[in-house]
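There are 2 protein chains.
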Amino acid sequence: MSEILNNFLSCNKEYSSNFGTKKDLAIQPSKRVAILTCMDARLDPAKFVGLVEGDAHIIRNAGGRVSDDAVRSLLISFKLLNTNEWFVIHHTDCGMEKFSNDDIDAQFNLAESESINWLTFTDNEKSVLEDVQLLKDHPLVPSEIIIHGFIYNCSTGLLHKVC
Amino acid sequence: MSEILNNFLSCNKEYSSNFGTKKDLAIQPSKRVAILTCMDARLDPAKFVGLVEGDAHIIRNAGGRVSDDAVRSLLISFKLLNTNEWFVIHHTDCGMEKFSNDDIDAQFNLAESESINWLTFTDNEKSVLEDVQLLKDHPLVPSEIIIHGFIYNCSTGLLHKVC
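Protein chains in written order, with the working numbering: chain A, 1 to 163; chain B, 1 to 163.
The hints are simulated quantities; they were obtained by calculation from the structure and are not laboratory data. Be careful, since some hints might not be right.
Which copy is meant is left open, so a pair is good if it fits within one copy or across any two.
[To be verified] Using 25 Å as the maximum straight-line C-alpha spacing, the simulated SDA-like pairs for lysine to any residue come out as follows:
(1) Lys-161 with Thr-21
(2) Lys-161 with Ser-16
(3) Lys-161 with Asn-12
(4) Lys-98 with Asp-68
(5) Lys-22 with Ala-46
(6) Lys-79 with Ser-115
(7) Lys-22 with Lys-161
(8) Lys-79 with Asp-123
(9) Lys-47 with Ser-16
Remember, it's a predicted structure, so these values are computed and weren't measured experimentally.
Next comes chain A alone, as it looks inside the complex (with noise of 0.2 Å):
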């Protein structure tokens, strides 16, 4: 057994043995809410917004962005359970503002003709302004669903509203 897999292991029985009444905790989020934001180590959103388990949908993919992948959870999350209101979160100092789609198709020795769609950005206000706009535009998501863009700061922790 790998030395993480072992400490994971232990944490999570200690976690168990204060479960208390999350057991009983309902399928939909009790504050109807989805958050799309990175999948970036430092990023803890139940920790910087104030969440407990039963609070709201996390979503997490590289950069935070609206994939297709995303908005797929996005439609189960409003459609079958239930929620209002959505925020997509990206970061500063983001692994995908600092490499181009070029930049990594050339790390896994990728031909033009492989190229994949790394979901990169040069502008991190431009990135999320436009994530936010596709969720709107979507022939699938309701216009009554209120879709708020933050970017969540690595050296300070605040979130900054862009729209």
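With the hints as your guide, set chain B onto chain A.
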């Protein structure tokens, strides 16, 4: 301003005021781990395996499925940011097991020609095995990456190892 947003910003201010050494965290996850799990509101992977900010990439979508976008994120995770151990964690009582693709298409009034692959599943253990295998078989995922498969029990908080 919505009540939710007001509350988030107030909690965020508090979080930022105790930010301490988190301002100096590196972009690379210190434990060299990436976790792929479900967006479900009841799951807090940082809490259930004992992580703090800076430790691990966390990727989340509806079901914790190995979608194209999850693969994109994991490839970036190891190639650009040096992770070498991945955890795929599905969970009991998952919405992706309660509904079929046809059910969800019907909720959105989609015609057969507009059908979306919602990545639902009918057998939880099998879905974990299949997702881990997808990663192991992926041409851009090197064999030296350790990949674990788990199911998180929403009634107990315990992780059950599948593979």
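Task: Homomeric proximity label, Lys-22 with Ala-46: Cα distance no greater than 25 Å - done: both (16 Å within a copy, 15 Å between copies)
Open item on the list: My question is about Lys-79 and Asp-123: at a cut-off of 25 Å on alpha-carbon distance, are they close within one copy, between copies, both, or neither?
Closed with: between (32 Å within a copy, 23 Å between copies)
Task: Intra- versus inter-copy proximity for Ser-16 and Lys-47 (alpha-carbon distance at most 25 Å) - done: both (20 Å within a copy, 10 Å between copies)
Task: Within, between, both or neither: Lys-161, Thr-21 at alpha-carbon 25 Å - done: Intra 34 Å, inter 24 Å, cutoff 25 Å: inter-copy only.
Open item on the list: If the cut is 25 Å between Cα atoms, do Lys-22 and Lys-161 qualify within a copy, between copies, both or neither?
Closed with: Classified as between; 21 Å across copies, 32 Å inside a copy.
Task: Lys-98 and Asp-68: within-copy, between-copy, both or neither at 25 Å Cα - done: Both ways: Lys-98 and Asp-68 sit 22 Å apart in one copy and 22 Å across, limit 25 Å.
Task: Within, between, both or neither: Lys-161, Ser-16 at alpha-carbon 25 Å - done: Intra 36 Å, inter 15 Å, cutoff 25 Å: inter-copy only.
Task: 25 Å Cα threshold - placement of Ser-115 relative to Lys-79 - done: between (34 Å within a copy, 16 Å between copies)
TODO: Check Lys-161 against Asn-12 for me: Cα-Cα at most 25 Å, and say if that holds within a copy, between copies, both or neither.
DONE: For Lys-161 and Asn-12, the Cα distance is within 25 Å only across copies (12 Å; inside one copy 35 Å).
Of the numbered hints given earlier, the model fails none.
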